[in-house]
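Protein chains: 2
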Amino acid sequence: MSIASQQPNQRILILGGDGFCGWPTALHLSDAGHEVIIVDNLSRRMIDVELEVESLTPIRPMSERLAAWREISGRDIGFHRFDVARNYQRLVNLLCEFMPDAIVHFAEQRAAPYSMKSPAHKRYTVDNNVGATNTLLAALVESGLDAHVVHLGTMGVYGYGSAGMKIPEGYLKVHVETEAGGMTTDEILYPAHPGSIYHLTKTQDQLTFAFYNRNDGVRVTDLHQGIVWGTQTEQTARDERLINRFDYDGDYGTVLNRFLMQAAVGHPLTVHGTGGQTRAFIHIQDTVRCIELAIGNPPAAGERVRILNQMTETHRVRDLADRVAALTGATLDYQPNPRVEAVENDLHVANDTLIQLGLRPTTLDTGLFTEVTDIAARYAHRADTRRIVCRSAWRADRQVPDVETGAATPSRVTIPV
Amino acid sequence: MSIASQQPNQRILILGGDGFCGWPTALHLSDAGHEVIIVDNLSRRMIDVELEVESLTPIRPMSERLAAWREISGRDIGFHRFDVARNYQRLVNLLCEFMPDAIVHFAEQRAAPYSMKSPAHKRYTVDNNVGATNTLLAALVESGLDAHVVHLGTMGVYGYGSAGMKIPEGYLKVHVETEAGGMTTDEILYPAHPGSIYHLTKTQDQLTFAFYNRNDGVRVTDLHQGIVWGTQTEQTARDERLINRFDYDGDYGTVLNRFLMQAAVGHPLTVHGTGGQTRAFIHIQDTVRCIELAIGNPPAAGERVRILNQMTETHRVRDLADRVAALTGATLDYQPNPRVEAVENDLHVANDTLIQLGLRPTTLDTGLFTEVTDIAARYAHRADTRRIVCRSAWRADRQVPDVETGAATPSRVTIPV
Ligand SMILES: NC(=O)c1ccc[n+]([C@@H]2O[C@H](COP(=O)([O-])OP(=O)(O)OC[C@H]3O[C@@H](n4cnc5c(N)ncnc54)[C@H](O)[C@@H]3O)[C@@H](O)[C@H]2O)c1
Ligand SMILES: NC(=O)c1ccc[n+]([C@@H]2O[C@H](COP(=O)([O-])OP(=O)(O)OC[C@H]3O[C@@H](n4cnc5c(N)ncnc54)[C@H](O)[C@@H]3O)[C@@H](O)[C@H]2O)c1
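Chains as they are written, first to last, in the working numbering: chain V, 1 to 417; chain F, 1 to 417.
Since the list gives no way to pick one copy over another, a pair counts as held whenever it fits inside one copy or between any two copies.
With a straight-line cut-off of 25 Å between C-alpha atoms, the simulated SDA-like cross-links for lysine to any residue are:
1) Lys166 <-> Gly181
2) Lys166 <-> Ala180
3) Lys173 <-> Met183
4) Lys166 <-> Ile188
5) Lys166 <-> Met183
6) Lys166 <-> Glu179
7) Lys166 <-> Leu359
8) Lys173 <-> His193
9) Lys173 <-> Thr353
10) Lys166 <-> Arg318
11) Lys166 <-> Thr254
Treat the hints as calculated values from the structure; they're not laboratory data.
Using the sequences plus the hints, can you model the full thing?
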């Protein structure tokens, strides 16, 4: 049995609990006997409206999701719709009423391409993400509660360039020359190399957590998560009304989901650049287990921010494409890379802590086939193939394909004066 | 002659040009022949309204300041009143019309105690400062201009704890063990140890600058400034209508100004803790010269963010108090420290670059007497002695003296539920 379920009846607040990771986490923790309340401002669904896309899977409105869960599990999950970054007072009130033991913080804009779309998207992402984290911590300190904050960070804060070095869990041991000519040793936050405005906000969050941890003693676990793949968990699969989000568009669709869906609709798999980028991955079922493990093992009072790498496998993007192609018969289509990044890279990541705590990974080998048949093929008819191509460029001089024709066009319109 | 004046007629935009550093900088650069435009939302004057304090010196409204400067120098300075963090479109329009060669960015909330006053003040400081920097850079990239951004950071980003190490100019050389058992060397941003929410925002700014520099090639000089003392510069002293701000209250008054003013009104000099904290200092006249030097020596295209330490002397707080006491006959009053910080610390700071560029420091030895007589004594009658005491606590368990009685009271009221 998992560790968290040995501490039943914790009160857990889930910020961003309507999202791709947040919804299955809420169900998983509710199923394990915890009392769960979700906060979400539904901004992710509204971004779907803006981008003119929909989840490939037919996700239901929150009220229907919650009613279905009550019907199926007999358990209630509370829901409050407000903006965590902008509605300080409702957050404080909720904290003081609910008195959570743990707060899982997913409530951020999480797509790198979306964060680079335009100045407005850059500003929204910074204001929303840096604002949500700071507002949460300011509110928590003011409430006087000693709740454990579990935050979702990203492997991307490390940057993907560190040749020949294993990426540690958050902190790096460094040796520095002293004035006297000797050497002193220190452990520092891993130097940040964010690759997009989205990743930038996660490195800024790290500084915010470190500050509140040191100044106010807030207990924090920051889970540096790899790219999540897969759609369903044990709970979301119980009824179609509980189904989880599956993003495939150029902004929110992560690489593996995009390949699966492209294969399902007969579109060639779009590989950016050489496909030589190595990325870290984790299945959504493991995400929810890791969060449960983190909640069940909170840092002690006075402990520094605990940073864990939440990933189970690393793969090169072109190898992933090859695997999906082998399963489905799809072809590959190499396209210019919109990102400013190294062409090829290696990645060695320490993930000892969660494995020691008992995580048993769902691997690509065992899970991929289910995804192809149960999700991608089943809901392929819902796909809008015009949304497959990534239209965000990291810099104005990068070319991006036109959404309708696929032809390369300048990524930015001239600014209005 | 200074270097910047060898490149006459640059167009310089000064964000936060109504403030303590910004106003004398605007006059200094205008006097040197540059074309200057100020942007300011007057938030600093509005905070004076909120805190029920005023500058000890009788600063004039912006229109009067600018008219006086025109009368005295024959030169025009433009002024636009808007919020840099929140008014993206006006900023882009101004950039495209004015096409500045350099942008000096002072537009941030700069008081550590103010940033710690309450959750609302924490949130305002983060949103304003992180937002202003990100908005500026997003706008600059969109404008397509290659303007040099000169930002005012703080020595406080280094933290004040690094025993036995000289603080370098921004980057730290570290040695790291590789997986193979060897050693690799890297230069990283100096690990951040912010001591307040205000300082936190400056460490977040560093990450923002590094990102836009790497992704978009924005040229940035980040001046990590010590505590500025003194009031007047050559230009602000020419007419009383040009006089610069002098803050002495518990939130905005920096340590030396506070001592000077306390001595002038016969108040004991309030030393927090043991007074063993060592701080870096620079005179306002040197601040404006350093900024001119930075503008005259922009980073090359493709150069990483240039970080300079902008300070000229370091002093222990109690030694400063002793010096002011010796000059004025004031007594010392030791009070509890509202900050969460080390009691005593050393500080060795590299400031080679600005000295090499030609800075000739104004030292405490030569400048202090003028400050005592020309400013503190002259305007002492304007002081509100109830505002002298610092009422912001870094943590709810720190005691702060009551503003009226000086008696210690809990620093926070209970929160409304
Ligand atoms: N999906 C991945 O592959 C992945 C990988 C690494 C890290 N993460 C991190 O995990 C977290 C969750 O990611 P996800 O994939 O579930 O994203 P998501 O966009 O599906 O979910 C985020 C949820 O937060 C809500 N939200 C955003 N801002 C809010 C605000 N200010 N107030 C209230 N609600 C707000 C959104 O409406 C959405 O429901 C994010 O922080 C993300 O950075 C995700
Ligand atoms: N004064 C010091 O001792 C000192 C030391 C180190 C660094 N600095 C840095 O130098 C800079 C200037 O400091 P200062 O002492 O002149 O502070 P200040 O508060 O006197 O000046 C800042 C000015 O910026 C304006 N401003 C703030 N936010 C704005 C926004 N969003 N839009 C438009 N205008 C805005 C304010 O109205 C004010 O006039 C700050 O960034 C500060 O952190 C100051």
